[in-house]
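Mind docking chain R on chain Z? Use the hints.
2 protein chains.
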Amino acid sequence: MLTLRPIGFVESPYQETSQVPRGLGAQHHAEGVLRILPEFEPGLTDIEGFSHLFVIWAFDRSQGVELIGRGPADERPHGVFATRSPRRPNPLALTVVELLRREREVLFVRGLDMLDRTPILDIKPYLSSIAPEKLRRGWLAEVEAR
Amino acid sequence: MLTLRPIGFVESPYQETSQVPRGLGAQHHAEGVLRILPEFEPGLTDIEGFSHLFVIWAFDRSQGVELIGRGPADERPHGVFATRSPRRPNPLALTVVELLRREREVLFVRGLDMLDRTPILDIKPYLSSIAPEKLRRGWLAEVEAR
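So the protein sequences, as listed, match chains Z and R. Heads up, this note's numbering is the position in the first sequence plus 1, with the first residue counted as 1. Heads up, this note's numbering is the position in the second sequence plus 1, with the first residue counted as 1.
Okay, chain Z solo, but in the shape it has when bound (with noise of 0.2 Å):
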């Protein structure tokens, strides 16, 4: 067992989940904050030259684990590890967000999924993609591709 502790907060546009854009082609251009809280400080130095971060965060408005499920883009079911579904064995989620400019402990960003005031856990730097002619993206190509 692991416990672990919120680092800061999000501040998003975002106050309900039917407000983010979800499902096939869903874009994410929302801009807003992590507020990171000011013990951890320090540890943002040198994040400011990375143009986009990896932000783990908390699924703290999902309730349930559904280990087989529909989400938005698709009507058949697939695996929960397979998607990006709310209710997981253990409620992460993962966004990339552009970062546009730090303040002290405020990263102003581009890109959020997040609720507003939802509680980030970890930050990390980008740093290299999959080359997009090596990536199958499986169920969701399908999708796409009817």
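Treat the hints with care, since some could be wrong.
Identical copies look the same in the list; a pair holds intra-copy or inter-copy alike.
[As the list claims (entries may be wrong)] Straight line, CA to CA, 20 Å or less: simulated SDA-like cross-link-like pairs of lysine to any residue:
1. Lys135 <-> Glu106
2. Lys135 <-> Glu49
3. Lys135 <-> Ala146
4. Lys135 <-> Leu101
5. Lys135 <-> Glu76
Derived from the structure by calculation, the hints contain no laboratory data.
Using the frame of chain Z, we list chain R on its own:
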């Protein structure tokens, strides 16, 4: 506070940290296994269609937090959120692996950088990449250019 439990464990050729390639230009081609607990096997449905997976795992053998520290890539110190250091406020790690095949609750993968017996917390499909020309890699690019 958020309490997490392993959904499975890594079977890796690495028994200790010194065996894991680290630092500039480290390549991760190690093959191994993500052995998911049988109770979660239904959650893997359709995962074999994806070529790459995000694995969120726990630095279970790391101790303490270092908000600013030195790593293997650079003699200059950096903030922990601008690095992949294990000494983080929440000991979460993220690795992108290539999925080679699945046999029931066992995922055969390439690109491991975890130690043997590492607890796995979550698996998600890797869906898209940031275009290389849009990526800035901060202090790491500076070090590589030296």
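Hint by hint, here is what the structure shows:
Taking the shortest alpha-carbon separations for Lys135 and Glu106, neither the intra-copy value of 37 Å nor the inter-copy value of 24 Å comes in at or below 20 Å. In this assembly of identical chains, the alpha carbons of Lys135 and Glu49 lie at most 20 Å apart only when taken from different copies (15 Å versus 29 Å within one copy). In this assembly of identical chains, the alpha carbons of Lys135 and Ala146 lie at most 20 Å apart only when taken from the same copy (18 Å versus 27 Å across copies). Taking the shortest Cα distances, Lys135 and Leu101 sit within 20 Å of each other only across copies (13 Å), while inside one copy they are farther apart (29 Å).
Taking identical chains as interchangeable, the C-alpha atoms of Lys135 and Glu76 are never at most 20 Å apart, the minima being 27 Å within one chain and 34 Å between chains.
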